[in-house]
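Heads up: the sequence lines are chains A and B, in that order.
Using the working numbering, the letters of the first sequence correspond one by one to residues 149 to 262.
Using the working numbering, the letters of the second sequence correspond one by one to residues 5 to 122.
Hints are not guaranteed to be accurate.
Claimed, not checked - Pulled from the structure, derived: some chain A residues nowhere near chain B, Cβ distances all over 10 Å:
hint : residue
1    : Gly176
2    : Asp234
3    : Leu239
4    : Glu250
As the list claims (entries may be wrong) - Pulled a few chain A residues facing chain B out of the computed Cβ check, cut under 8 Å:
hint : residue
5    : Gln189
6    : Gly190
7    : Pro191
8    : Leu193
9    : Gln198
10   : Asn199
11   : Asp204
12   : Val237
13   : Phe253
14   : Pro255
15   : Gly256
16   : Leu259
To be clear, the hints were calculated from the coordinates, so they are not data collected in a lab.
Since the structure is predicted, the reported quantities are computational estimates derived from the model, not experimental observations.
Virtual Cβ for every residue (Gly too), placed ideally from N, Cα, C.
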Amino acid sequence: EAGVAQSPRYKIIEKRQSVAFWCNPISGHATLYWYQQILGQGPKLLIQFQNNGVVDDSQLPKDRFSAERLKGVDSTLKIQPAKLEDSAVYLCASSLGAGLDEQYFGPGTRLTVT
Amino acid sequence: AQTVTQSQPEMSVQEAETVTLSCTYDTSESDYYLFWYKQPPSRQMILVIRQEAYKQQNATENRFSVNFQKAAKSFSLKISDSQLGDAAMYFCAYRPAYSGAGSYQLTFGKGTKLSVIP
């Protein structure tokens, strides 16, 4: 079984530029999560999707971050415009359902904003 | 809001020895799940072990076991017979068992960096 795929693995941009990250969850997984992991900290949830609907985006900075999950499969997370403090690893995870199911993580995208 | 605290930023252990990583958490819920995740330099989070709060028996998974003290809100991870491949960041995480809103986010601690000395 293929795991959660993410791309790119690394991205370096200048502040005020825009960037997009892509995630392909495990086949059949209805729930998809985006986490932000700042250096020296644990991951923090940005947004949770159930199929193609948003369940929780309370910690997503909506003035600059957006995410979508078209057709309930792949997802894209966008930052526009980026700030220095957005430098972090962006982790995507998926689970079969939401409640009791284990979350499987992808390898993450390391973003550096200069 | 739930919080998870890992008070040991770094730990080291000799190969083949035993090490215990500490975690405390705060919640007003009575039913929930606790996890230990391993994050090697490749950055991929790997589930090590999980504990259901309603179960009194401590979870074990091969060389990994936990000491779950619900009243004290403590959840430590013991790694026995440490191996070089165990070197990584270890994160303690909390997740509610029930959510009316359907949000089952993991709340993570800041992590403990474990080094294994040959």
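Each hint tested on the structure:
Once the 10 Å rule is applied to beta carbons, glycine 176 of chain A is consistent with being away from chain B; the minimum gap is 18 Å. Residue placement check: aspartate 234 of chain A keeps its beta carbon more than 10 Å from all beta carbons of chain B (closest about 17 Å). Distance check on leucine 239 of chain A: its Cβ comes as close as 7 Å (rounded) to a Cβ of chain B, failing to clear the 10 Å threshold; non-interface status is violated. With a minimum CB-CB distance of about 6 Å to chain B, glutamate 250 of chain A fails to clear the 10 Å threshold, and the non-interface call is violated.
Because the smallest distance between the Cβ of glutamine 189 of chain A and any Cβ of chain B comes to about 5 Å, under 8 Å, the interface hint for this residue holds. Against a cut-off of 8 Å between C-beta atoms, the interface hint on glycine 190 of chain A holds, since the closest Cβ of chain B lies about 3 Å away. The closest approach between the C-beta of proline 191 of chain A and any C-beta of chain B is roughly 5 Å, which is under the 8 Å cut-off, so the hint is satisfied. Below 8 Å, beta-carbon pairs count as interface contacts, and leucine 193 of chain A has one with chain B at about 4 Å; its hint therefore holds.
Because the beta carbon of glutamine 198 of chain A sits about 6 Å from the nearest beta carbon in chain B, less than 8 Å, this interface hint is met. Hint status for asparagine 199 of chain A relative to chain B: violated, with the closest Cβ pair at about 11 Å, above 8 Å. For aspartate 204 of chain A, the shortest C-beta to C-beta distance to chain B is roughly 4 Å, which falls under 8 Å, so the interface hint holds. Satisfaction of the interface hint for valine 237 of chain A is found here, the shortest Cβ-Cβ separation to chain B being roughly 6 Å, below the 8 Å cut-off.
At its closest, the beta carbon of phenylalanine 253 of chain A sits 4 Å from a beta carbon of chain B; the interface hint therefore holds under the 8 Å criterion. Using the Cβ-Cβ criterion of 8 Å, the hint placing proline 255 of chain A at the interface with chain B is satisfied: the shortest such distance is roughly 5 Å. Because the beta carbon of glycine 256 of chain A sits about 4 Å from the nearest beta carbon in chain B, less than 8 Å, this interface hint is met. At its closest, the beta carbon of leucine 259 of chain A sits 12 Å from a beta carbon of chain B; the interface hint therefore is violated under the 8 Å criterion.
Against the hints set out earlier in the document, violations occur for numbers 3, 4, 10, 16.
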